[in-house]
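Residue-level listing of the chains:
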Amino acid sequence: MEPLLKLQDYTIRFATPDGDVHAVTGLDLDLAPGEKLAIVGESGSGKSQCWMGVMGLLARNARVSGRAMFGDRNLLGLTQRQLDAVRGAEICMVFQDPMTALNPVLRISRQLTETLEVHRGAGRREAEKQAIAMLERVGIPDAPRRFRQYPHEMSGGMRQRVVIAMALLTKPRLLIADEPTTALDVTIQAQILDLFQDLVTETGTSLVMISHDLGAVAGIADRVAVMYAGRIVEDSPVDDLYERPAHPYARALLQSIPRVDRATADIRPIDGRPPSLADLPRGCSFAPRCGYRTDACDAAVPPLADIEPGRIAACFHPVHRHTAADSKGSRT
Amino acid sequence: MTAPLLQVENLLTRFEIALGMFRKPVGLNAVNDVSLTVAEGETLGIVGESGCGKSTLGRSILRLIEPTSGTVLWQGKPLTDLTPEELRMQRRDMQIIFQDPIASLDPRMTVGQIIGEPLAIFETALSRAERNERVVETMDAVGLAPEMINRFPHEFSGGQAQRIGIARAIVTRPKLVVCDEPVSALDVSIQAQIVNLLRKLREEFGLTFLFISHDLSVVRLISDRILVLYLGRIVEIGSKDAVFDHPAHPYTQALLAAAPVPDPKLARSRKHVALKGDPPSPLNPPPGCVFSNRCPKVRDACRTAQPELRAARTGQQAACILIEE
Numbered sequence: 338m339e340p341l342l343k344l345q346d347y348t349i350r351f352a353t354p355d356g357d358v359h360a361v362t363g364l365d366l367d368l369a370p371g372e373k374l375a376i377v378g379e380s381g382s383g384k385s386q387c388w389m390g391v392m393g394l395l396a397r398n399a400r401v402s403g404r405a406m407f408g409d410r411n412l413l414g415l416t417q418r419q420l421d422a423v424r425g426a427e428i429c430m431v432f433q434d435p436m437t438a439l440n441p442v443l444r445i446s447r448q449l450t451e452t453l454e455v456h457r458g459a460g461r462r463e464a465e466k467q468a469i470a471m472l473e474r475v476g477i478p479d480a481p482r483r484f485r486q487y488p489h490e491m492s493g494g495m496r497q498r499v500v501i502a503m504a505l506l507t508k509p510r511l512l513i514a515d516e517p518t519t520a521l522d523v524t525i526q527a528q529i530l531d532l533f534q535d536l537v538t539e540t541g542t543s544l545v546m547i548s549h550d551l552g553a554v555a556g557i558a559d560r561v562a563v564m565y566a567g568r569i570v571e572d573s574p575v576d577d578l579y580e581r582p583a584h585p586y587a588r589a590l591l592q593s594i595p596r597v598d599r600a601t602a603d604i605r606p607i608d609g610r611p612p613s614l615a616d617l618p619r620g621c622s623f624a625p626r627c628g629y630r631t632d633a634c635d636a637a638v639p640p641l642a643d644i645e646p647g648r649i650a651a652c653f654h655p656v657h658r659h660t661a662a663d664s665k666g667s668r669t
Numbered sequence: 010m011t012a013p014l015l016q017v018e019n020l021l022t023r024f025e026i027a028l029g030m031f032r033k034p035v036g037l038n039a040v041n042d043v044s045l046t047v048a049e050g051e052t053l054g055i056v057g058e059s060g061c062g063k064s065t066l067g068r069s070i071l072r073l074i075e076p077t078s079g080t081v082l083w084q085g086k087p088l089t090d091l092t093p094e095e096l097r098m099q100r101r102d103m104q105i106i107f108q109d110p111i112a113s114l115d116p117r118m119t120v121g122q123i124i125g126e127p128l129a130i131f132e133t134a135l136s137r138a139e140r141n142e143r144v145v146e147t148m149d150a151v152g153l154a155p156e157m158i159n160r161f162p163h164e165f166s167g168g169q170a171q172r173i174g175i176a177r178a179i180v181t182r183p184k185l186v187v188c189d190e191p192v193s194a195l196d197v198s199i200q201a202q203i204v205n206l207l208r209k210l211r212e213e214f215g216l217t218f219l220f221i222s223h224d225l226s227v228v229r230l231i232s233d234r235i236l237v238l239y240l241g242r243i244v245e246i247g248s249k250d251a252v253f254d255h256p257a258h259p260y261t262q263a264l265l266a267a268a269p270v271p272d273p274k275l276a277r278s279r280k281h282v283a284l285k286g287d288p289p290s291p292l293n294p295p296p297g298c299v300f301s302n303r304c305p306k307v308r309d310a311c312r313t314a315q316p317e318l319r320a321a322r323t324g325q326q327a328a329c330i331l332i333e334e
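These protein sequence lines map, in sequence, to chains A and B.
The first sequence begins at 338 in the working numbering and counts up by one.
The second sequence begins at 10 in the working numbering and counts up by one.
If you're looking for bench data, these hints aren't it; they were derived computationally from the structure.
Every residue gets a Cβ at the ideal spot worked out from N, C-alpha and C, and that includes glycine.
Any given hint could be a false lead.
[Unchecked claim] Now the in silico label distances, taken between C-beta atoms and shown as ranges: (1) B:S278 - A:P640: 33 to 39 angstroms; (2) B:S278 - A:R457: 35 to 41 angstroms; (3) B:A12 - A:D635: 54 to 60 angstroms; (4) B:D90 - A:P618: 55 to 61 angstroms.
[Claimed, not checked] Incomplete in silico selection of chain B near chain A, CB under 10 angstroms: (5) G168; (6) Q169; (7) Q200; (8) Q202; (9) R229; (10) P271; (11) D272; (12) K285; (13) D287.
Put together the whole structure using the sequences plus the hints.
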């Protein structure tokens, strides 16, 4: 099947007074129609900037190269006008903070109907009908009354439902959700994740869910791409990644998270911290923190290579065949 | 028997909320009738969602926020009776670590000044050289290289800055440290470093922790006992294993069912029993049990009075009338 979105050698740099910051470096990624992809990484890994770039929302000092093919269009080469026709219509985005994603001085009704009027040419009546139906669909009780309210009259969880409703109103082909539950309490987070799961399956929309939380995406993703220092280091089907991670960073990350469902007190931190994006090492970015490092790792960046059918990892010493016992964890 | 290190009885912290110039302010009980004891060397984990009062509880115990009523006994002596000067000196034994590592450090002070300041206040007998020695010793204990002593907070990453905050808290060798979401602002891999550091320091210096967090998995990792707060009230308190393995209160059960687990098969199979709706506003709590309007097991009797804590079969206490059945 033709991918819905294809990133090729996709690179983002920010020009700063202290030199170039390499936010995203040489990314290659395919997303199939209907696929649910999680992008996981820590702060500074480039996971958000990558998708801000796809949406044309980067800061002005950004320099983007490579290609982001959406069907037969390269999103990186579109004029502002062409981009406006895609954004909010075919590709929609849900942001982390539902407090700031909504305009505080406009009623929910105006904010919801606007996208339909602009992108779908709907009349006011028709737009209102669809918007209220969508509010009901995302689980907002008493939707016709809520429809007339301002954002500050709603709780955080409720506002995030409104944002999701707004994003799905135009029936986009791709939904990008950037840490959509991070600002929410755990019981509300569970509600919103369930909602995403149901809606995406129901509408057949492709989903990119960006998260720092390997727990939050486990139940929703088909596939997970792990980013580190601006690069994808592993891209695997979800079960493989959690059961037999191939990249030492993916493995170390999984071993560093405490689990609510286990009594064990054993977590292994990853020593050190990620490299500065203004001064990346010549070889593998994770090598300085890696227990499997050899001279080869310092000499060149390992390319993303097939390690099993459907799995790629950027490592000279992938660990997916190791058992838990021969883990070297991170460098000690 | 010696008195527990800390004993809190019927603590209530009430805020008056102004609703506007011409309206009467309303009272909000951020901490409502909380009683607990903490033994020396023990770690009590305090969990709950935003607005449940967990930070206010920690601060009320230290009298950083003045509680409205109730008593706090420190080694058997009432803290609430101390004069401001006595209280100030008592603070040497009771320190706090804050959530935002960068914001909680003065940007114009060097690391050495930040960590040394509590000594300048509490241990005036120390000479300059002795004070410096203690600072370096403490930096070493928290994993900061001594040559960083003259640097400023902005030169540090979040994880490093939190180490500075921890060093400042333990430099006077306190007995009790209130850890208020100490790892919530940090990346996962750094979180684990800091949790392990806190566990090491607890052992090394015989510390007692009140560990406040919204993250159940982190709390499970570090605590001996767990206290679950909802709308300012204790809904469940008991040993870590009892609370996590056999949660007795329907709210604790819901919290645990909602907590994400990094296991795709388990995550897909779990139907989030999902609590419906949002927590009620503490300005307008439901009548009866605080959890009654969201509780999946609610009965008519729940809507009449707030249940007292009662013992569950598995050893912990929970505030739910269903427990005796």
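Okay, the hints, checked on the actual structure:
no., hint, verdict
1, B:S278 - A:P640: 33 to 39 angstroms, "36 angstroms, holds"
2, B:S278 - A:R457: 35 to 41 angstroms, "38 angstroms, holds"
3, B:A12 - A:D635: 54 to 60 angstroms, "58 angstroms, holds"
4, B:D90 - A:P618: 55 to 61 angstroms, "59 angstroms, holds"
5, G168, "7 angstroms, holds"
6, Q169, "8 angstroms, holds"
7, Q200, "7 angstroms, holds"
8, Q202, "4 angstroms, holds"
9, R229, "6 angstroms, holds"
10, P271, "4 angstroms, holds"
11, D272, "6 angstroms, holds"
12, K285, "8 angstroms, holds"
13, D287, "4 angstroms, holds"
Hint compliance for this structure: every hint is met.
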